[in-house]
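Protein chains: 4
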Amino acid sequence: MKFAPEYVRHVLTDNFDDAKSLFLGPLLSIHYAHLVMLAGQGILCPADARVLRSALGAISAQTVQLQDIDYDGTYEDLFFYLDRLIQQAAGETIAGRLHTARSRNDIDMTMYRMRQREFVLELLQATLSLRETWLEMATQHRETIFPAHTHTQPAQPTTVAHYLLGAIEQLERDAVRLRAAYEVTNLNPLGACAITGTGFPIDRARTTALLGFSAPTGNTYGSIATVDYMLQNLSAAAVTLVGVGRVVQDLLLWCTAEVHYLRLPDGFVQCSSIMPQKRNPVALEHARSIGSKALGQATAVFLSVHNTPFGDIVDTEDDLQPLVHTTFRDATRAISIIAAALKEATLDVASMRTRAEEGWITVTELADTLVRDHNLSFGAGHAIAAKLIDRARQNASVPLAEVLAEVSEAVTGTALTYQDADLREILSPAHFIEIRKTLGGPAPALTAEAIEASRTILDRDLSWLTSTRAQLTSSAQRLNDEVAAL
Amino acid sequence: MKFAPEYVRHVLTDNFDDAKSLFLGPLLSIHYAHLVMLAGQGILCPADARVLRSALGAISAQTVQLQDIDYDGTYEDLFFYLDRLIQQAAGETIAGRLHTARSRNDIDMTMYRMRQREFVLELLQATLSLRETWLEMATQHRETIFPAHTHTQPAQPTTVAHYLLGAIEQLERDAVRLRAAYEVTNLNPLGACAITGTGFPIDRARTTALLGFSAPTGNTYGSIATVDYMLQNLSAAAVTLVGVGRVVQDLLLWCTAEVHYLRLPDGFVQCSSIMPQKRNPVALEHARSIGSKALGQATAVFLSVHNTPFGDIVDTEDDLQPLVHTTFRDATRAISIIAAALKEATLDVASMRTRAEEGWITVTELADTLVRDHNLSFGAGHAIAAKLIDRARQNASVPLAEVLAEVSEAVTGTALTYQDADLREILSPAHFIEIRKTLGGPAPALTAEAIEASRTILDRDLSWLTSTRAQLTSSAQRLNDEVAAL
Amino acid sequence: MKFAPEYVRHVLTDNFDDAKSLFLGPLLSIHYAHLVMLAGQGILCPADARVLRSALGAISAQTVQLQDIDYDGTYEDLFFYLDRLIQQAAGETIAGRLHTARSRNDIDMTMYRMRQREFVLELLQATLSLRETWLEMATQHRETIFPAHTHTQPAQPTTVAHYLLGAIEQLERDAVRLRAAYEVTNLNPLGACAITGTGFPIDRARTTALLGFSAPTGNTYGSIATVDYMLQNLSAAAVTLVGVGRVVQDLLLWCTAEVHYLRLPDGFVQCSSIMPQKRNPVALEHARSIGSKALGQATAVFLSVHNTPFGDIVDTEDDLQPLVHTTFRDATRAISIIAAALKEATLDVASMRTRAEEGWITVTELADTLVRDHNLSFGAGHAIAAKLIDRARQNASVPLAEVLAEVSEAVTGTALTYQDADLREILSPAHFIEIRKTLGGPAPALTAEAIEASRTILDRDLSWLTSTRAQLTSSAQRLNDEVAAL
Amino acid sequence: MKFAPEYVRHVLTDNFDDAKSLFLGPLLSIHYAHLVMLAGQGILCPADARVLRSALGAISAQTVQLQDIDYDGTYEDLFFYLDRLIQQAAGETIAGRLHTARSRNDIDMTMYRMRQREFVLELLQATLSLRETWLEMATQHRETIFPAHTHTQPAQPTTVAHYLLGAIEQLERDAVRLRAAYEVTNLNPLGACAITGTGFPIDRARTTALLGFSAPTGNTYGSIATVDYMLQNLSAAAVTLVGVGRVVQDLLLWCTAEVHYLRLPDGFVQCSSIMPQKRNPVALEHARSIGSKALGQATAVFLSVHNTPFGDIVDTEDDLQPLVHTTFRDATRAISIIAAALKEATLDVASMRTRAEEGWITVTELADTLVRDHNLSFGAGHAIAAKLIDRARQNASVPLAEVLAEVSEAVTGTALTYQDADLREILSPAHFIEIRKTLGGPAPALTAEAIEASRTILDRDLSWLTSTRAQLTSSAQRLNDEVAAL
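Residue numbers (numbering that gives the first Met the number 0), protein chains in the order written: chain A, 0 to 485; chain B, 0 to 485; chain C, 0 to 485; chain D, 0 to 485.
Identical chains share a label here; the pair holds if one copy fits it or two copies do between them.
Taking lysine to any residue pairs in the SDA-like style, the calculated list, with each CA pair at most 20 Å apart, reads:
{"id": "1", "residue 1": "Lys436", "residue 2": "Gln40"}
{"id": "2", "residue 1": "Lys342", "residue 2": "His259"}
{"id": "3", "residue 1": "Lys386", "residue 2": "Thr92"}
{"id": "4", "residue 1": "Lys1", "residue 2": "Ala344"}
{"id": "5", "residue 1": "Lys436", "residue 2": "Gly39"}
{"id": "6", "residue 1": "Lys342", "residue 2": "His140"}
{"id": "7", "residue 1": "Lys1", "residue 2": "Ala338"}
{"id": "8", "residue 1": "Lys19", "residue 2": "Arg103"}
{"id": "9", "residue 1": "Lys1", "residue 2": "Asp265"}
{"id": "10", "residue 1": "Lys19", "residue 2": "Tyr80"}
{"id": "11", "residue 1": "Lys436", "residue 2": "His140"}
{"id": "12", "residue 1": "Lys386", "residue 2": "Glu408"}
{"id": "13", "residue 1": "Lys1", "residue 2": "Ala385"}
{"id": "14", "residue 1": "Lys386", "residue 2": "Ala400"}
{"id": "15", "residue 1": "Lys1", "residue 2": "Gln269"}
Derived by calculation from the structure, the hints in this document are not laboratory data.
Same shape as in the complex, but just chain A:
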């Protein structure tokens, strides 16, 4: 076969280079697992199996050097390049036997799933680190009060812990999504061959175990044709990125000179030698930018696959997989840099608290208190509180209790009397927080429980990650052992 130079230049060279960096490892594992299975089923005799083992062993020994091979257009792709090496080592006849009951189609699909399961685990790990970091911050800042914004304006006091727990819970759901995506991905299509399976008595369960998959895929047509697992992986990443990205927008606001809540460590900012107070929070800017790129690339994959046939088709294969890779790589980079930058970051606790005391943002609690204490309607409580603020802003010197008595009489006909200190307590951000004790609220007692609960979930996710990786490692070991035992 002789490829046209333009086809070599514009297509095959890129695909060869991508395959070398992304798929060499999985391809070798697949060769070995198929070899073991064929031998185990008696489709291949022991002697041939050992010859093939040697041929594959020689290639495995030089994977680093293979990275330097330049594509020369004399073979179609990495698969055929390896095939040539196998033929050279094992002879054409025996090399040919390795092709029994398989095809490049099912091999490709298997490789893609093997790499994507890694991508998902890496992204998951990055999100777990971020949760760890946020949980640490939440633990330290259960009583760090600041004004939560609604519609970009200070609205009500809350705590840093409360804010972060909202973000952490979102990440916990991201972990559920990523784990579900992993489960759908980690199925073995090997044995689907070109698209209809084979008449040879293969054992799909065997290669499944040897390659660390949890089960074989079902229908062989679908095994080759579908990429729903890939889209699910990307969706899980995309939802994560949007969610985390929204928090990054807040954190960047917190880093502005005007808001001045958050200070990143020196290693994560860009400083000006001449303006020492100018500390560009570039790590977070990059997190946003790299995360946006990842999200954009994820949607690019959807667009690329949309309106293609349901079958074996180039669109879901070699050209596209590198985009899936960079999507996940960028997603993981974005999440990782946030976790790293925040680990040593400091919050300007005093400034946050001061802001929470400005602008009467606790006043709804006063209204609520009046409603509760005196069975007023919400409207009446509201009206009294509004008038009180109005007066207090006009003349800050009159004691609040006095003002309250006056305005409450005006509104309801009855003067409501409070001690001034009690009133100030009612209006304090700390009280506002303290009293909010219903499920999910910011009261420190509640956030302490929530942190504990989230730690438990984090431990559960971490241990899932650990055991999942251990399964992959032990499958790889088992594959090694079975190859050795051929």
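Use these hints to put chains B, C and D onto chain A, whose structure you have.
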């Protein structure tokens, strides 16, 4: 409050109209559930509760007429319009009491989730109908053979059942995704109030039960801020759309005059009165086009939410929800029209089979047989088969068995002898199918089992859908009852 | 023809309703123009032409009532519904003559272009209003100094006029893009018929003139198949939206309590009756959100059209056009609301200036001055300035001139001497601005010129818009006249 | 400055590697041009200028070796790495002087525009080659008739030339868009410095000329902040990709075994050694897939930039530019591979013509002829033609003229008489084509003219491309000369 005319024209009018058509029902249910809960907790006294019940009852009685209200700019939105009606009926003081311990923020989030859970169920239902239709077709066409394409070319015979089961399994995974999305959506944020919850002793479990949610959301900040559930809903829809859309591409190819496999019923085609054989398969074209629009709108929502703050913010709210609605509406339309168009469609079974017999697409099976029968290498089997085709194409009159003997001797030194009839059997599409019996293959015995398995899964999903809807209905009934019992 | 109920419900009803609201006017104009052309070419005799004119006149007289027609499935679409009305009025034979030398295909494409040219003009007009508003603000604020951010941090002083002129120039380029899109759109495909044109001696130039197009399209296949004009329209809108959206992000930051530069008028904010200082800048939030939706929908159209055949195909037609419409409608709403909200908005000039005086953000100008005055290297100037700040921050009481002398001697070996007042002038934001006089700089003299230049460009664009609309109006008038003269 | 290891790993290393491969050349040119300008303005003395020239010369001499530098985290980025080299060669003081009146901000924006103008030219060139190829095919196939599809069904005969001219005209408009994008891109932001310009008396026109730009940008704030030129570049590419992609969908259909119109040359297909007739048209599949990826990446850039501030911000810079690069690289690859694959491709002219003769797809022309010849209404002509087909399909042996006489009498009361040969001529695809002579039609005389017109436009575009490149080359030469003359 006096809104600027441009703000009324460009924003508030659209939002009011959207709210009327999308959210009036949920809003009333929320009012009722909150009322029952407040009364149950003693936050509202029985007399007030009954006054409010009457006020709400009057509104509920005229929801149809409310659709004709034109927005006039004297109130901000539908919520405030209803509030005005409640005030008129119940008086300002008592009306005000309904606002205790809640906010437009948590009401909005609750409404969005209530509608989106319906959207997800409707889309799921459409996909279940499509599975039903495809299962029916698969059952009829377990032995309908046609050439599966790879890279747009006929590659190997398979059956219609086998093809469809690949598509059905994909839809089964879509159902898992849609159900998971439903579970994340069907959580109750009511009680998160503005964003920090409340100091009132509310009972979030109570409103949860009354509104048919499976549990309350957790952290109140996150309850207002997050839209991960919405993005998960859209992702599940998007993955479904891409998957089904790829099958539609195939079906449209099957409808072409040149391929001529599939004939849609008259009610789903656009005919030419002058060219009776021109039957435009417009129903499938619309399915593609409406499905594409749905997919595009789903990604539009991701773009809209990306890079907004994590908090209460307009971007995730009234302007955006109609786009979520049309995404799901269009997705459901696209899937429904496919199911409907295929239900009575017919396949040109003879033509499919004829194509499967062309082009020697079964020849790999001959090669495999030679390998199996004579322990040849894959390469040798391949070479013999290739030469055999070559000869047979040059001279079709020589019996194949004779050709085989000749070419096998040339390749291996030994003449392989078969009966001509056996050879023809080996090369027949039916044999090709029959012999493919490993997991997921097209052999009719296997697809029969696969169909049975898929029916079981369909029944399971249908019964989940039924019971989920029953829960929503019974919650609504319970809410009615509890309102009546106030 | 009898359509299946599911096809009616899921497809035809939506399309009929969309067509009524979007295309009735253009469709009638096309009927009239085609009628005039056919009569002019002698393809239709005068008597028939007059019968058809009456039939069309009766329909034109009741376009409002037609909006209330509910689709009943007895005809395919609006075109056939009108055809039925024409047949009823003119008889089948004469009605049939109106169909000579045309097809629904070229009619559809003509309608789409007629509506899209309006969409483009409306969006252009909104952007011109925004430029007018920004130019007004720039004129008022040529000397309003504030700290420009880089990487989210205050970096250098500039003026509001300078900032806005950057945004205005971007919008000027948007106008160039929108005008170019208009020119590509405003070509007449009528006469392309089904896709190959016709054998009748039609006059495409005639319908072109009567429908206000600037020229006929060329190749008839392409006239039906292409949607590049539509994608160019959407691209021009998308680039505009991203550009304006980035400015909106800044303006929303300017509205925060913490930055506090911008105050929207009361009619454009959401106030809290209880917290009078909480002024949610919802108009700008909606501008962001509606603009995001528009941008997302624009990309949705690209996705929908991608990977469809190049030909007459449903994907670019009735299902899609409403999405094009809402894209432009939302884009226009978003831009309009910004212009309206800013028209009466006020800037906190004092606060902006105060911020510009903080943080030594003018210090690079001191370094530059030292370089210019003493031929120092940039590095030396930089080092002296940095040390000066450092000292001044440690001890603000020492006169700066004294500090400078000391640190410059330390750096260069020579004490640089300035008067303290001169030094303060060098470091003042006003001086920083004043001295920046190279092309495009913020010096008030330059921004005055730039404003003048931008006004000239605005006038040019406004007069293009006016004359373009006048051409459409006069074409419509001419069409009326020629119809009357039949 | 000491960067955190995670920041180095996740951000700075990627950015350094990207900068080396994308921006080293432009950065050096900018250094040189700035040097020449500073010297020309007397801001730099001749001696210093020559020292800096030597330092830059040493770097320029080793640009290949620089590609091997691994990022080590001791400097921020490529700019600072070069700065270190310059300092080592020229000493810190003189090296510092090169920084006068500029900033990394304006340097970055200048580099981005320099690369993007190249990207646009390369893509334009690829599209011109494709037009050349298509024009060649159109010239050969002015009389190659095939059935044009509407709604996926054969509808009317046309010629390959006619089809391709539709596609060519679309590409001509793409060239207009790409050229417009180039003009907006090729403006020089150098001199905008950090964002407010400078107080130094720089000459922006000088660097503009030396760097091959057509003019300086205007407002300095906008010069740093805007990326509208980039979005315009991407839009022009995106519209091109969708348009070409739709043609590719048709060509892939033409390659199917079932349609069998188009045969790609051997070097562009994937063959099966065993099934010689299976020729996977992988070059076109890759064109679709790589083009889809490019389109997806283009929209990813829009998403990435959307909702960022309008200013100097990481989001539009180092992380994003590689995505712009791969978008254009992939777009150019996709277009190039189509042109290459089609250059030697062959059409199955006989099969196309045969198909055009099937299915009575010329029958509308018979109806039109009856209308023209006998002043029938369109409906009557239509009815006669439909009945004629109906009869002919029932009984092919009756001469058509006889059938016509009979059915026309039935419809109109008068028998229309034609010679049988004349009727067959009227119904022939060749006649159908021949008679379609109005503007843009398929008649060979018209397509001959259209081809000529398109050749003229191609020549014009090619000569624009040539002269634009010549300007860049001569600017580079002039820069070299002026550097030498320092």
